[in-house]
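Student: Kindly generate the complete structure, drawing on both the sequences and the hints.
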Amino acid sequence: MEVVNGHKKWGFQGNPELIASSISVRGVLTKLMANRNKDDKRPTIPLGRADPTEFPSYRTTPVAPDAVADATYSYNFNCYPPTVGIVEARRAVAEYLSKDFPYQLSPDDVYLTGGCTQAIEIVVSVLARPNANILFPRPGYPQYEARASCSKLEARHFDLIPEKGWEVDLDSVEALADENTVAMVIINPSNPCGNVFTYQHLKEIAETASKLGIFVISDEVYGHLAFGSNPFVPMGVFGSTVPVLTLGSISKRWIVPGWRLGWIVTSDPNGIFHQSGFVECMRNFLDITTDPPTNMQGALTQILKHTKEDFYSKILTIIREAADILYDRIQEIPCLTCPHKPEGSMVAMLKLNLSLLEGIIDDVDFCMKLAKEESVIVLPGVTVGLKNCLRITFAVEHSALEDGLGRIKAFYHRHAKKE
Amino acid sequence: MERWNFGANREVMIAPSGTTVRGVLKKIMENLDKDDPSRPTVPLGHGDPSPFPCFRTTVLAEDAIVDAVRSAKFNSYPPTMLGLLPARRAIADYLSHDLPYTLTPDDVFLTMGCAQAIEVTIRVLACLGANILLPRPCFPSYGAHASSNNLEVRYFDLIPEKGWEVDIESIEALADENTGAMMVIINPGNPCGSVYTHQQLKKIAETARKLGILVVADEVYHHLTFGTNPFVPMGVFGSIVPVLTLGSISKRWLVPGWRLGWLVTSDPNGILQKTKVVDCIINLLNLISHPPTFIQGAVPHILEKTGDDFFSKIIDILREAAHICYDRIMEIPCITCPNKPVGSMFVMVKLNPSLLEDIIDDMDFCLKLAKEDSVIVLPGVALGMKNWLRITFAVEPSALEDGLGRIKAFCQRHAKKH
Numbered sequence: 009m010e011v012v013n014g015h016k017k018w019g020f021q022g023n024p025e026l027i028a029s030s031i032s033v034r035g036v037l038t039k040l041m042a043n044r045n046k047d048d049k050r051p052t053i054p055l056g057r058a059d060p061t062e063f064p065s066y067r068t069t070p071v072a073p074d075a076v077a078d079a080t081y082s083y084n085f086n087c088y089p090p091t092v093g094i095v096e097a098r099r100a101v102a103e104y105l106s107k108d109f110p111y112q113l114s115p116d117d118v119y120l121t122g123g124c125t126q127a128i129e130i131v132v133s134v135l136a137r138p139n140a141n142i143l144f145p146r147p148g149y150p151q152y153e154a155r156a157s158c159s160k161l162e163a164r165h166f167d168l169i170p171e172k173g174w175e176v177d178l179d180s181v182e183a184l185a186d187e188n189t190v191a192m193v194i195i196n197p198s199n200p201c202g203n204v205f206t207y208q209h210l211k212e213i214a215e216t217a218s219k220l221g222i223f224v225i226s227d228e229v230y231g232h233l234a235f236g237s238n239p240f241v242p243m244g245v246f247g248s249t250v251p252v253l254t255l256g257s258i259s260k261r262w263i264v265p266g267w268r269l270g271w272i273v274t275s276d277p278n279g280i281f282h283q284s285g286f287v288e289c290m291r292n293f294l295d296i297t298t299d300p301p302t303n304m305q306g307a308l309t310q311i312l313k314h315t316k317e318d319f320y321s322k323i324l325t326i327i328r329e330a331a332d333i334l335y336d337r338i339q340e341i342p343c344l345t346c347p348h349k350p351e352g353s354m355v356a357m358l359k360l361n362l363s364l365l366e367g368i369i370d371d372v373d374f375c376m377k378l379a380k381e382e383s384v385i386v387l388p389g390v391t392v393g394l395k396n397c398l399r400i401t402f403a404v405e406h407s408a409l410e411d412g413l414g415r416i417k418a419f420y421h422r423h424a425k426k427e
Numbered sequence: 359m360e361r362w363n364f365g366a367n368r369e370v371m372i373a374p375s376g377t378t379v380r381g382v383l384k385k386i387m388e389n390l391d392k393d394d395p396s397r398p399t400v401p402l403g404h405g406d407p408s409p410f411p412c413f414r415t416t417v418l419a420e421d422a423i424v425d426a427v428r429s430a431k432f433n434s435y436p437p438t439m440l441g442l443l444p445a446r447r448a449i450a451d452y453l454s455h456d457l458p459y460t461l462t463p464d465d466v467f468l469t470m471g472c473a474q475a476i477e478v479t480i481r482v483l484a485c486l487g488a489n490i491l492l493p494r495p496c497f498p499s500y501g502a503h504a505s506s507n508n509l510e511v512r513y514f515d516l517i518p519e520k521g522w523e524v525d526i527e528s529i530e531a532l533a534d535e536n537t538g539a540m541m542v543i544i545n546p547g548n549p550c551g552s553v554y555t556h557q558q559l560k561k562i563a564e565t566a567r568k569l570g571i572l573v574v575a576d577e578v579y580h581h582l583t584f585g586t587n588p589f590v591p592m593g594v595f596g597s598i599v600p601v602l603t604l605g606s607i608s609k610r611w612l613v614p615g616w617r618l619g620w621l622v623t624s625d626p627n628g629i630l631q632k633t634k635v636v637d638c639i640i641n642l643l644n645l646i647s648h649p650p651t652f653i654q655g656a657v658p659h660i661l662e663k664t665g666d667d668f669f670s671k672i673i674d675i676l677r678e679a680a681h682i683c684y685d686r687i688m689e690i691p692c693i694t695c696p697n698k699p700v701g702s703m704f705v706m707v708k709l710n711p712s713l714l715e716d717i718i719d720d721m722d723f724c725l726k727l728a729k730e731d732s733v734i735v736l737p738g739v740a741l742g743m744k745n746w747l748r749i750t751f752a753v754e755p756s757a758l759e760d761g762l763g764r765i766k767a768f769c770q771r772h773a774k775k776h
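Chains as they are written, first to last, in my numbering: chain C, 9 to 427; chain Z, 359 to 776.
Heads up, none of these hints are tricks.
Below are the DSS-like pairs computed for lysine-lysine, each with C-alpha atoms no more than 25 Å apart in a straight line:
no.	chain 1	residue 1	chain 2	residue 2
1	Z	561	C	17
2	Z	560	C	17
3	C	322	Z	431
4	Z	634	C	160
5	Z	632	C	17
If you're looking for bench data, these hints aren't it; they were derived computationally from the structure.
In this text the structure is predicted, and so the values were computed from the model without any measurement.
Tutor: Rendered as structure tokens:
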């Protein structure tokens, strides 16, 4: 260390690249937003991020804020929580999920986290060890890759097949897996594709994973947001075929992504996670990571038990109608095709046909120009692993969706290749 | 089991439950005699007085949370992972009251409690490729996180005979070319209950400057002082040495369950910017979970409107409890208290096992005390000092009297016969 003016120079220097995440949805959306034309007086149509909270039709049920108020005023929830979460909340999650399972979950199967975000953080960190790899879907959700990269866990990608409703290409899963593969991730209902896997397909995934000796991480953050012909089937239903880690949260079904309350659940009636030592690892890790606020946990019990069915159906109806609008309007835009009509979640993947456009080089270019010329934000598919595709949110106010799709149509006409 | 590719991950097991306060207390609490319902457990092991009515937070804070959640303005993802701007501004203003310069919102990063601020700090350190200097005794989270990030830790001493002052010579002896980019001080002290003077903090700043290392100031107990030394934030010396200040509302507002904390760069010369430490912090915050948006939304009201009467009420109770604690400990021959606590919620006391029959060490003492008298106390080994004990006095004064009375009885029962 050099000595300058009688004391050493600073002995530290940061290396931000060590934690720079390559691509994030947030990062890309920020760039797109910055590209808008400041003189465009029209409202921005945000079809890039899956967060409908600003729209009045998507207001959460009053049960939710009331539950937080009750928990806060009860004075019982100002203390540190246990590291796995308070037992009443864990019991409530176990009961909530068990309704759709062929077996009963116990509160000890449930671990509360700060949103599905922290659930992903915890699971990927606990799995990381030298030489291990994990299988992610492509297209997928980039936080998985960012997290794996940060934890030095090798990420491998299997394909989702657009022509088959974005089903998992099980052959590609088998080709990728080796003795160092620890798990595979599925996202159901799907982000970014908007499909919902059938019971049959989930069974095939379970059997494949079991054959390969890997477990399944089922990201069900959009759980129950299924409005098409395929009902939502939780992967945990196949927990006796293959051990399943179910990830979920209240963010999407209750439209409160800012509240950051989620869970990791071991859906594993054969107790394999315990026997293999994985549960112990996770508990150790939870002992040192931070927890969701105790008053949020206190509110969770009420939220899960007292939300009325008509709130769930109201939201589902609005989203279903929005998906219909999206699908119909996309038919009118030649350069965009929707391989599979969305039947779940809040987003859909569209294919971009660049050969029908003049002067647009790829999906990023399309989105940047769309932001600039029409103040419409759509996510370029490269962000989620598929170039020359777009991820579009339909969970917005219907009028805004019509407006946005109208502007995309106008954008197409302006850039269409002349015959 | 051979057929499954996943299993215990040795790396994650490096930080087993024995290295956190909660982990150690869990072990001790397992030893409680569940068949003795007649006596309530007296929890003198952890720093969380919120269950006691006299330590209830101000209704103003509860109202702020409820107003924020009912407003429906805070249900969405926050616009930035660094924290809502009004919350960051409010924290900057709140902390600037005690500093000779003004912090801006850009200096403030919101975290899920001071616990996550510690986690971020240690992971940023890993990013600097350096090691860390921790005090002994120390709040064990620092060591636990360092260990799980494969970072080297070196310990410098705090001197019991001198009010738990930092042993400056031991720091200088530890530092070399590969030294730690960071040293941590906890003021007001956990576990020691000490409060450093302006003079002492200045000396620490100058030493760090000389060694070219930055100071992490864990001020989660900020303003919780009830002796003669007032609280002086380390950021006061931010122009001598860059300071990372960690804090939260958990202790001063008695709401550790709300998980609202901060990591602040108290660094008027912008050194943390230039050395890219700030970029590291930002990159890391973009990857991890953050406090619920409505709790962030309540922060400005909580920080700006809480009256001094609430703060003084709490300080008075803590002062009274600290007196009780010190006086009762003086009556117990096998325990000595080198320094009367003047801040935080804890006191470190020395155990003399040689005066006791069949008690081998601090852990044994705590396990047996839990079993026989339903009192929980933290063994010093969890903090790096064997045969010491950390006692919390932040409990209802009557519970404190009860608990210390039982400890005295325990010691008499186990005293060596002459």
